[in-house]
Amino acid sequence: MASRPAHFDVLIIGAGPAGIAAACCASESGARVGLLDNNPQIGGQIWRGESQHPSHIEAREWLQKFASAKIEFLASTEVIDHLEPGRLVVQSVGMQSGDDVRELTYRNLILCTGARELFLPFPGWTLPNVMGAGGLQALVKSGLPIADKKVIVAGTGPLLLAVAAHLREHGAEVRLIAEQAPRHRLARFALSLAFERAKLAQAFAIRRQLSSVPYKTSCWPIRATGEGKLETVFLRTGAHTWQESCDYLACGFHLVPNTELAALIGCELRGGFVQVDDSQRTSIAGVFAAGELTGIGGVEASIGEGQIAGYAATDRSGSTASLLPQKQRLDHFASLLKRTFALRDELRSLPDSETLVCRCEDVKFARIRNHSSWRDSKLHTRCGMGPCQGRICGAATEFLLGWRADSVRPPVFAAPVQVLAIAGSSQSQPDLVSHEEFR
Amino acid sequence: MKLPVYEVLIIGAGIVGAACAAACAREGLEVGIVEADIVGGGATAAGMGHLVVMDDSEAQFALTRYSQTLWRRLSEQLPADVEYDGCGTIWVASDADEMSAVVQKKQFYESRGVPAQILDSHQLHEVEQSLREGLPGGLLVPEDAVIYAPCAARFLVEQAQSRGAQLHCPRVVTEIAPDGVRLNDGSSIVAQSIVVAAGTWSTRLFPGIDVRPRKGHLLITDRYPGFVRHQLVELGYLKSAHSFISESVAFNIQPRKTGQMLLGSSRQFDKDSSEVDHPMLARMISRAEEFIPNLSRLSAIRTWTGFRAATPDKLPLVGPVPGHENLFLATGHEGLGITTSLGTAELLLNQLLRRETEIPAAPYLPGRVYEGVHA
Chain Y
1 MASRPAHFDV LIIGAGPAGI AAACCASESG ARVGLLDNNP QIGGQIWRGE SQHPSHIEAR
61 EWLQKFASAK IEFLASTEVI DHLEPGRLVV QSVGMQSGDD VRELTYRNLI LCTGARELFL
121 PFPGWTLPNV MGAGGLQALV KSGLPIADKK VIVAGTGPLL LAVAAHLREH GAEVRLIAEQ
181 APRHRLARFA LSLAFERAKL AQAFAIRRQL SSVPYKTSCW PIRATGEGKL ETVFLRTGAH
241 TWQESCDYLA CGFHLVPNTE LAALIGCELR GGFVQVDDSQ RTSIAGVFAA GELTGIGGVE
301 ASIGEGQIAG YAATDRSGST ASLLPQKQRL DHFASLLKRT FALRDELRSL PDSETLVCRC
361 EDVKFARIRN HSSWRDSKLH TRCGMGPCQG RICGAATEFL LGWRADSVRP PVFAAPVQVL
421 AIAGSSQSQP DLVSHEEFR
Chain L
1 MKLPVYEVLI IGAGIVGAAC AAACAREGLE VGIVEADIVG GGATAAGMGH LVVMDDSEAQ
61 FALTRYSQTL WRRLSEQLPA DVEYDGCGTI WVASDADEMS AVVQKKQFYE SRGVPAQILD
121 SHQLHEVEQS LREGLPGGLL VPEDAVIYAP CAARFLVEQA QSRGAQLHCP RVVTEIAPDG
181 VRLNDGSSIV AQSIVVAAGT WSTRLFPGID VRPRKGHLLI TDRYPGFVRH QLVELGYLKS
241 AHSFISESVA FNIQPRKTGQ MLLGSSRQFD KDSSEVDHPM LARMISRAEE FIPNLSRLSA
301 IRTWTGFRAA TPDKLPLVGP VPGHENLFLA TGHEGLGITT SLGTAELLLN QLLRRETEIP
361 AAPYLPGRVY EGVHA
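Sequence lines, in order, name chains Y and L. Take the first sequence: its letter number 66 is residue 66 in my numbering, and every next letter is one higher. Take the second sequence: its letter number 218 is residue 218 in my numbering, and every next letter is one higher.
Looking at chain Y on its own, in the form it has when it is part of the complex (with noise of 0.2 Å):
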C-alpha cells in the first residue's frame, strides 16, 4: 500500500439494488462516489446478470441511472478489515498474493451488504446438487445447465417462487414448490397485499407463470439421499410423509444479513440487523446502512432505503421527505414477510445426531447440541472455526439452538498474512520496539 488512498466522499459497500440507489442519489449531489463489490458487475444477488440482459423494468431503470452517473465502480473487491474511523483495507477477490492490498478512506460510509441465503441442516444436506435457492439461480444465470432436470423448489418465501419461475423459465422441470409456512398465515398475506398493487401485479404474475407445478404448504424436506449425489428428497406435509425423486433440490429458508463488516465497525445491531434511523444512519457517526442488512424487505425497499441513505450521506435530507411514506408502508411489508414467513418450529428438529452442522470443520449436530453457547460449541467441537468463518452453521446453529455468534475480528474475509501486515503496517503509529531488540 505504497501509493495513497483513493478517497471517496461517499463509499457504498455492495452494489445490490440498495447500493446501486444509494450511489446514484450521493452522485446527484457532485460528491466523490465509490461504489465497491466483490462480483465483476453491478447487480448484487437479485439483479445478477440483468446489466447484460436486462429483464425487470427497475434494474433497466436504475441500471441506466447509473451509467449516466459519475460514480467509481471497485468490482471484485471485498473489504478485508476496518482500520479506524474513515479507512478501510480492501483487496481483490481471489488473490493470493495480497499484492493488490489497498487502503480506502471516506467522509461517509454506505453499508448495503445485503443478505445470504439461511441453510439449514437435514440429513442429506450435504450431498451434491442440494443447493441453496438463490444459488442455483445464480448457477444457472452462469450458465448451468438445468433444461429437463426435475427440480424441487423448498423453504420458505416469495424467493421459492422467483426460483422456481425463473428456473422453469430455463427449461426445468419444476416438480414442486414446497412453502412451510401454513395455508393461513399465507392467505392473510395475500389479502394485505390487497394495498400493495405491484406487489399483487407481480405476485400473479409468476403464480400464472407456474400454474402446473404443484405448490404446497405446511410442507417441507426432511431428508435427501442419494448414491454420490441427490437422487430422493423426503417431504413432510403435516403426518405425511413421502419421496420424490429428483436431480436438484433447491432450498431456501429465508435470509440472513451480512453484518459482519457493520459489526466490525461497532455498528449496534437488533435482533440481529443493523439499527438505523429515519435517515438510514448507523449507531456510528458517518456510517449509514441500507437494504437487507437492516431487516428483510425486498428490493423494493432496499431501493428506497438506499435514495435515502445516499442523499442523506451528501447532506441532503430535504430529498429525502418525499421517500419516508414510501419507506414507512414498506417497513409494513417487511414486518408482514417476518411475520408470515417465520420458520415453523419441527424444522429445529431436521437434523439428525449424525447430520453435518459445520460443513468447513466436519462437525455433526450429536456434537455441538448440549453445548451451552455459541462459543463454548466453537471451542469444545471446531463448529464455525473454518474457512467460512461460521457464516454458514452460525446463521444454523442460532436458529436451531438459539445461539448468538461471536464478536467479529478481522479479517472480514479470509485473506493472505500478507494483507493484515499490510494493513497494520501503514497506520500512522511510531514503531515502538525495533527488532535490534531480539538479535
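These are calculated hints, taken from the structure and not from any lab test. Since the structure is predicted, the reported quantities are computational estimates derived from the model, not experimental observations. Keep in mind that a hint or two might mislead.
Claimed, not checked - Partner residues are not named here, just some residues of chain L that face chain Y (Cβ under 7 Å, in silico): (1) Ile38; (2) Arg73; (3) Asp222; (4) Tyr224; (5) His278; (6) Asn294.
Stated by the list, open to error - Some chain L residues near chain Y, calculated using beta-carbon distances under 8 Å: (7) Arg26; (8) Arg163; (9) Leu219; (10) Ala282; (11) Leu295; (12) Arg297; (13) Ser299; (14) Trp304.
Said to hold, decoys possible - Some chain L residues flagged as far from chain Y (calculated, every beta-carbon gap over 12 Å): (15) Val5; (16) Tyr66; (17) Leu74; (18) Cys87; (19) Val127; (20) Ala153; (21) Asn184; (22) Met280; (23) Arg283; (24) Ser296; (25) Arg302; (26) Thr303; (27) Thr357; (28) Ile359; (29) Ala361.
Cβ atoms here follow ideal geometry from the backbone N, Cα and C, with glycine treated the same way.
We have chain Y already, so just place chain L on it with the hints.
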C-alpha cells in the same frame, strides 16, 4: 436450602483450575469448581497450547520439566480432540551469536536430562523447508508437544466430575468469605479450602496481588499440512517474553493437527481492550516473515487476542496465602499456564494435604512476594 459443602473449592475452570480439580478428585477429596463463563474459555482458549520446557531460571525449568513429564504420561489417555502432538520445538537462531546461545542451551538441557539436538544450517533447512535459507541453525527439543487446550481443560474437568466433583457453571464468585464463597446470584458455597485459579481475574478477588494482564495476539491460517512440522520459536523469544516493561513481538509458529498454522506472538502491558491492535499484529507478522518469507501467502482465517496473567518475577503463584491458612493461589502463569498446569496441580494438591511436594515448592509460594495480601 442446603448449601453445597466441599473440602476444596476451585475458582476458575481454565486449564490450571481444571488440572487442580482433577488432581484433588483423584486423591478422593470432595471438589467443587466454580466457573464464571465456560470451561477453558479464557487465556486457555486464547493461548497456543505449546507444552515447552523453559530454561531461563532453575525454578521455571523445574516446573516446566516436571509438568511436561506429567503431560507425556497423560498423553495416552487424552481424547482425540485434545490433539496432543509430540512435534517438538525447534529454537531457531538468526545469527552467529544466537548460534552460540544454542550450544549453551543444549548443555543446559542435557545436563538436566532433557534430550536436545543441535541442527546446523543444512539440517534445519532439511527438516523445515519453509524457513528461509541461510539461517545458522537451531536446537531441536523433541519431547516438547502441542495440545488444543480448551478440550484438555474440558477433559480434566470431566475426569474430576467422574470422581464426584461438582461444576458450578456459569456462576461468578463475588466475594471470598471465611467459610467459602458468595456468588452473584446471592447464594453461597461452603468449603474448607479455596483455590483461586482465575488467571487475570484473580486480582478481582485479591485486589492486593501483583498479577497484571499481558495482552497477546494470535493468527490462524487455513490448512497447509506440512508447511512447518515442529513448533518453531526464535531464540530471541526469551528476551521478548521476559522484558517486563516494553511491548514486543517474537516469531513463534505452531503446526496444528488440522494442518492449520497458528502464529504468535506479541506482548503488551496496560491494554484493557481486547480489540486487535493492527500495528502490533503487523509487527508480529513482519517478524515471522523474516524467518518464513512465504508465510505472507497463506490464507489467514482469524485473529484474536488474550490476556496472560503475568507476575513481576515471571514465576506463578502456587500455594497458601500468608495469613490465610485455607486459601490457596494457583495463578500468574503468564504464557506457560498450559504447560505448567499439571505440575501446578500436583504442587497444590500436596500443599493442601500438607504433604511433601515432588519438586521444591518454595520458588512459587505466594508468600515470597506478597506478605500482606488480604482476601
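Each hint tested on the structure:
1. Because the closest C-beta pair between Ile38 (chain L) and chain Y is about 4 Å apart, less than 7 Å, the hint holds.
2. Because the beta carbon of Arg73 (chain L) sits about 24 Å from the nearest beta carbon in chain Y, more than 7 Å, this interface hint is broken.
3. The closest approach between the C-beta of Asp222 (chain L) and any C-beta of chain Y is roughly 5 Å, which is under the 7 Å cut-off, so the hint is satisfied.
4. Among the interface hints, the one on Tyr224 (chain L) is violated; its C-beta lies about 11 Å from the nearest C-beta in chain Y, farther than the 7 Å criterion.
5. Hint status for His278 (chain L) relative to chain Y: holds, with the closest Cβ pair at about 4 Å, below 7 Å.
6. Taken as an interface hint, Asn294 (chain L) does not check out: its beta carbon lies about 10 Å from the nearest beta carbon of chain Y, beyond 7 Å.
7. Violation of the interface hint for Arg26 (chain L) is found here, the shortest Cβ-Cβ separation to chain Y being roughly 22 Å, above the 8 Å cut-off.
8. At about 21 Å, the closest approach between the beta carbon of Arg163 (chain L) and any beta carbon in chain Y exceeds 8 Å, and the interface hint on this residue is violated.
9. The interface hint given for Leu219 (chain L) holds, since its Cβ lies 7 Å from the closest Cβ of chain Y, which is under the 8 Å cut-off.
10. Interface restraint check: Ala282 (chain L) against chain Y, minimum CB-CB distance 3 Å, threshold 8 Å, status holds.
11. Interface hint at Leu295 (chain L): satisfied, since its Cβ lies 6 Å from the closest Cβ of chain Y, which is below the 8 Å cut-off.
12. Against a cut-off of 8 Å between C-beta atoms, the interface hint on Arg297 (chain L) holds, since the closest Cβ of chain Y lies about 6 Å away.
13. Below 8 Å, beta-carbon pairs count as interface contacts, and Ser299 (chain L) has one with chain Y at about 5 Å; its hint therefore holds.
14. At about 6 Å, the closest approach between the beta carbon of Trp304 (chain L) and any beta carbon in chain Y falls short of 8 Å, and the interface hint on this residue holds.
15. Chain Y leaves Val5 (chain L) outside its interface by the beta-carbon criterion, the shortest separation being 26 Å against a cut-off of 12 Å.
16. With a least beta-carbon separation of about 27 Å from chain Y, Tyr66 (chain L) lies farther than 12 Å from that chain, consistent with its non-interface assignment.
17. For Leu74 (chain L), the non-interface assignment is confirmed: its Cβ lies about 18 Å from the closest Cβ of chain Y, beyond the 12 Å cut-off.
18. With a least CB separation of 19 Å from chain Y, Cys87 (chain L) remains clear of the 12 Å interface cut-off, as annotated.
19. Val127 (chain L), annotated as away from the interface, keeps every beta carbon of chain Y farther than 12 Å; the closest lies near 22 Å.
20. In this structure Ala153 (chain L) is not separated from chain Y by more than 12 Å, as the shortest Cβ-Cβ distance comes to only about 9 Å.
21. The claim that Asn184 (chain L) is not at the interface with chain Y holds, since no C-beta of that chain comes within 12 Å of its own (minimum 17 Å).
22. The non-interface label for Met280 (chain L) is inconsistent with chain Y: the shortest C-beta to C-beta separation is roughly 7 Å, within 12 Å.
23. Residue-level check failed: Arg283 (chain L) sits 7 Å from the nearest beta carbon of chain Y, not beyond 12 Å.
24. Consistency note on Ser296 (chain L): stated as away from chain Y, yet its beta-carbon is not over 12 Å from all of that chain's, at 3 Å minimum.
25. Distance to chain Y contradicts Arg302 (chain L) as a non-interface residue, since its nearest Cβ pair spans about 6 Å, not more than 12 Å.
26. Chain Y draws Thr303 (chain L) into its interface by the beta-carbon criterion, the shortest separation being 5 Å against a cut-off of 12 Å.
27. Separation of Thr357 (chain L) from chain Y is adequate, the least Cβ-Cβ distance of about 32 Å exceeding the 12 Å criterion.
28. Consistency note on Ile359 (chain L): stated as away from chain Y, and its beta-carbon is indeed over 12 Å from all of that chain's, at 31 Å minimum.
29. Non-interface call for Ala361 (chain L) relative to chain Y: holds, since the shortest CB-CB distance, roughly 32 Å, exceeds 12 Å.
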